[in-house]
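Chains as they are written, first to last, in the numbering used here: chain A, 1 to 487; chain B, 1 to 188.
These are calculated hints, taken from the structure and not from any lab test.
Some hints could be false.
What the hints assert, rightly or not - Label pairs and their computed distance ranges (CB to CB):
1) A:G299 / B:E91: 53 to 61 Å
2) B:L68 / A:G51: 36 to 44 Å
3) A:L205 / B:A44: 28 to 36 Å
4) B:R75 / A:S406: 39 to 47 Å
5) B:R121 / A:Q347: 52 to 60 Å
6) B:A133 / A:P433: 44 to 52 Å
7) B:R121 / A:K364: 32 to 40 Å
8) A:D74 / B:A133: 44 to 52 Å
9) A:E391 / B:H39: 37 to 45 Å
10) A:G152 / B:D126: 28 to 36 Å
11) A:D74 / B:R75: 52 to 60 Å
12) B:A44 / A:T227: 34 to 42 Å
Please read these numbers as outputs of a predicted model, since none were measured by experiment.
From the three backbone atoms N, C-alpha and C, an ideal C-beta is built for every residue, glycine too.
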Amino acid sequence: MIVSGRTLAHDVTIDAPACVVGTGAGGSVVLRELARAGLSPIGLEEGPDHGAFDQREERMLPELFQEHGGRMTDDLGITVLGGRGLGGSTIHNTNLCKRIPPEVLAEWKKTVSGLDSVGSSFDAIERDLSVSPIPEVNANNDILRRGVNALGWRGGLLSHNRVGCIGSGFCELGCAYNAKQNARKVLIPEALERGARIYCDVRALRIQHDGAVSAVIARAASGATVTIRTKVVVLAGSAVGSAALALASNVPDPHVQQGQSLRIHPGSVVAGVFDRDIDGWRGIPQSWECTEHLDFREGSEKRVWITTAFAHPIGTAVTLPGFGAAHMKMMRSYRKLAVLTAMVHDQTAGRVYVDGERPRLRYKMLPSDRAQMTLGLRACAEILLAAGAREVMIPGVPPRTVRRASELASVEPRMIPLTAVHPMGTMRMADSPRNGVVGPTGEHHHLKGLFVADGSLFPTSIGGPPQISIYAFALHVTPHIIAAARR
Amino acid sequence: MERRRFLRSAVAWGVSSAAVVASFVRVLDYDRSDRRIGHMRALAAWEVAVVDALAERLCAADVAYGELGAPPTPRECEVVAFVDSFVAASEPAIARELHAAFGAVEHAFPMLIRSPRRFSRLSEADRDRVLAAMESSSFELVRGCFAGVKSLVMMGYYRDPRTWGVLGYDGPLVARPAGGWVPLRHKP
Ligand SMILES: Cc1cc2nc3c(=O)[nH]c(=O)nc-3n(C[C@H](O)[C@H](O)[C@H](O)COP(=O)(O)OP(=O)(O)OC[C@H]3O[C@@H](n4cnc5c(N)ncnc54)[C@H](O)[C@@H]3O)c2cc1C
Ligand code: SF4
Numbered sequence: 001m002i003v004s005g006r007t008l009a010h011d012v013t014i015d016a017p018a019c020v021v022g023t024g025a026g027g028s029v030v031l032r033e034l035a036r037a038g039l040s041p042i043g044l045e046e047g048p049d050h051g052a053f054d055q056r057e058e059r060m061l062p063e064l065f066q067e068h069g070g071r072m073t074d075d076l077g078i079t080v081l082g083g084r085g086l087g088g089s090t091i092h093n094t095n096l097c098k099r100i101p102p103e104v105l106a107e108w109k110k111t112v113s114g115l116d117s118v119g120s121s122f123d124a125i126e127r128d129l130s131v132s133p134i135p136e137v138n139a140n141n142d143i144l145r146r147g148v149n150a151l152g153w154r155g156g157l158l159s160h161n162r163v164g165c166i167g168s169g170f171c172e173l174g175c176a177y178n179a180k181q182n183a184r185k186v187l188i189p190e191a192l193e194r195g196a197r198i199y200c201d202v203r204a205l206r207i208q209h210d211g212a213v214s215a216v217i218a219r220a221a222s223g224a225t226v227t228i229r230t231k232v233v234v235l236a237g238s239a240v241g242s243a244a245l246a247l248a249s250n251v252p253d254p255h256v257q258q259g260q261s262l263r264i265h266p267g268s269v270v271a272g273v274f275d276r277d278i279d280g281w282r283g284i285p286q287s288w289e290c291t292e293h294l295d296f297r298e299g300s301e302k303r304v305w306i307t308t309a310f311a312h313p314i315g316t317a318v319t320l321p322g323f324g325a326a327h328m329k330m331m332r333s334y335r336k337l338a339v340l341t342a343m344v345h346d347q348t349a350g351r352v353y354v355d356g357e358r359p360r361l362r363y364k365m366l367p368s369d370r371a372q373m374t375l376g377l378r379a380c381a382e383i384l385l386a387a388g389a390r391e392v393m394i395p396g397v398p399p400r401t402v403r404r405a406s407e408l409a410s411v412e413p414r415m416i417p418l419t420a421v422h423p424m425g426t427m428r429m430a431d432s433p434r435n436g437v438v439g440p441t442g443e444h445h446h447l448k449g450l451f452v453a454d455g456s457l458f459p460t461s462i463g464g465p466p467q468i469s470i471y472a473f474a475l476h477v478t479p480h481i482i483a484a485a486r487r
Numbered sequence: 001m002e003r004r005r006f007l008r009s010a011v012a013w014g015v016s017s018a019a020v021v022a023s024f025v026r027v028l029d030y031d032r033s034d035r036r037i038g039h040m041r042a043l044a045a046w047e048v049a050v051v052d053a054l055a056e057r058l059c060a061a062d063v064a065y066g067e068l069g070a071p072p073t074p075r076e077c078e079v080v081a082f083v084d085s086f087v088a089a090s091e092p093a094i095a096r097e098l099h100a101a102f103g104a105v106e107h108a109f110p111m112l113i114r115s116p117r118r119f120s121r122l123s124e125a126d127r128d129r130v131l132a133a134m135e136s137s138s139f140e141l142v143r144g145c146f147a148g149v150k151s152l153v154m155m156g157y158y159r160d161p162r163t164w165g166v167l168g169y170d171g172p173l174v175a176r177p178a179g180g181w182v183p184l185r186h187k188p
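If we strip away everything but chain A, and leave its shape as in the complex, we get (with noise of 0.2 Å):
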């Protein structure tokens, strides 16, 4: 059954198993195994249910993401997207599907006890979801294949979870035809089937607790209270949400390690023009990565991870650089354009805290990192000229337009306007509490009956689309959490 906290007349309190903040990947995962268990849960989400997906940017987008798509650093320095409404960001994502880099989870290993099984948690996601690799090329990624091929470069074809696309590339913008794999069509029908009930457009606002959970309070849409008696909470919310609310809960936090530690693969733009029409807005939008410049190795100063970026008209006019006459000028390359995008694994540890009910972010990125930055988008130009572009430009202040690649060395890009979709590691994994928030079994370490299934849970950065491991890491705690649930 989904609620949708809309249509809430008056305050409710209902008594359940489990409550889990948050369906986007991780939420979703929990839900379904605790249903499966038997348990019905309650699954809480401050976003709506999306009804129809109509490919228009200017109401999708504020729909989609948190914070109207204006979600940034309280320094107004990197815009932050994350998703809001059933399903979370699995709604908008491009669907790509790359497991954790075995480098990374050896370094977990390290302070993380028990990961050795999380293999099999890999596999029975990627089965749920329907992962294979991606069937088409777009004109936009064959431009980063052929230029990745011609440097004599590291790349390859990615993985997805979609089943009957028709390549329309309005994926995010979520998708007309129901072609993707994701939290929504996948695990949320299966969860509701089984018993769970999810209450739509009703937020949570504070954990109650004394030693022990006992209750979520939540606030409707329709301005109801909403108080969900449990001794489990899950909370799912992204590594912003999660933390946000346990800041907001006073949860017991002696190491203060709470909202620390954020990473968010920050990126930016490089757009080639070519002399004929790419028409990059067609097909899947993301089927190729380049990896030349990503070494997992410990030390290694290669962390820049590339691939596509092409967006719809309101997304490009927002990303290319300047105003008026020259940037309608460019607008015009439109159909000319190809779009790539370098992002960092991070190193940076930025934080989550709270501004009365707002989760704010902190994130001022290390040198290192913007080097890695400066090497990525050099990366993306030097493909692109290699591809064949006319020119390429390469953000920045001043913006700077490129025609041979031996100009890039010349090239040092600042203050770079710089983009985030994939926040982690708020809420972290770790065996000591002095290195974390939750230990291996995902409950939190001074919060008994508090649980963490989400992007939060990542001791580092990942270095590439974070959603499989995240559905992943969610059904690897869970046996914990149903165990919880019947304690």
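With chain A's structure known, arrange chain B with the ligands on it following the hints.
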């Protein structure tokens, strides 16, 4: 205090105090005859003037309006009405920040070009100088403000199918042929 942080706080203080001072004077002396004002749900008369002024420069055409291949004007695309509905639908904390951003553009950021005038009263060339100074400011807060108002205005403009002809974009697949296609004004 570290120098950068001090400077950032100084800018933040400058912007907010200018916005506070502005809040006393900004309601005065704006044209209220504009019929759109009566339909606004969130924007005050002064903000209609600011958003209009922003949209005219941010979306200025590269081809004279009326000529073959010229895009529609921001007024034709009703950018102000879009921004108004966006602010009206925003959570109160975000709406407050947007109002503050418009106030800062109108009353504080002209100082970046040492102009004492309001943004909406500047010449087109001076508005462009203010916007360029905002975009290239060494203060993230100012650049972030530029990015914010640019995003909002671009969303209001490029949502209009009449702009898509200029781009060669064929619109949502679920609604083809996209309404409002303007082949006559589209450059071959
Ligand atoms: C544009 C974009 C493209 C992406 N593409 C890819 C991709 O191709 N591949 C990939 O692997 N990853 C991708 N990602 C990232 C991926 O989607 C996320 O990392 C993943 O979904 C995060 O899972 P999560 O469970 O941590 O949080 P989310 O999926 O974000 O879900 C959190 C949910 O919790 C809700 N919530 C938060 N706080 C509360 C509260 N207090 N009360 C009630 N509800 C609350 C939110 O509304 C949200 O619905 C992309 C992300 C973006 C933004
Ligand atoms: S490209 Fe495929 S998955 Fe993406 S919106 Fe279109 S049909 Fe859906």
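Do the hints match the structure? See the list:
{"no.": "1", "hint": "A:G299 / B:E91: 53 to 61 Å", "verdict": "violated, 44 Å"}
{"no.": "2", "hint": "B:L68 / A:G51: 36 to 44 Å", "verdict": "holds, 40 Å"}
{"no.": "3", "hint": "A:L205 / B:A44: 28 to 36 Å", "verdict": "holds, 31 Å"}
{"no.": "4", "hint": "B:R75 / A:S406: 39 to 47 Å", "verdict": "holds, 46 Å"}
{"no.": "5", "hint": "B:R121 / A:Q347: 52 to 60 Å", "verdict": "violated, 47 Å"}
{"no.": "6", "hint": "B:A133 / A:P433: 44 to 52 Å", "verdict": "holds, 49 Å"}
{"no.": "7", "hint": "B:R121 / A:K364: 32 to 40 Å", "verdict": "holds, 37 Å"}
{"no.": "8", "hint": "A:D74 / B:A133: 44 to 52 Å", "verdict": "violated, 22 Å"}
{"no.": "9", "hint": "A:E391 / B:H39: 37 to 45 Å", "verdict": "holds, 44 Å"}
{"no.": "10", "hint": "A:G152 / B:D126: 28 to 36 Å", "verdict": "violated, 51 Å"}
{"no.": "11", "hint": "A:D74 / B:R75: 52 to 60 Å", "verdict": "violated, 35 Å"}
{"no.": "12", "hint": "B:A44 / A:T227: 34 to 42 Å", "verdict": "holds, 39 Å"}
Checked against the numbered hints above, the structure violates hints 1, 5, 8, 10, 11; every other hint is satisfied.
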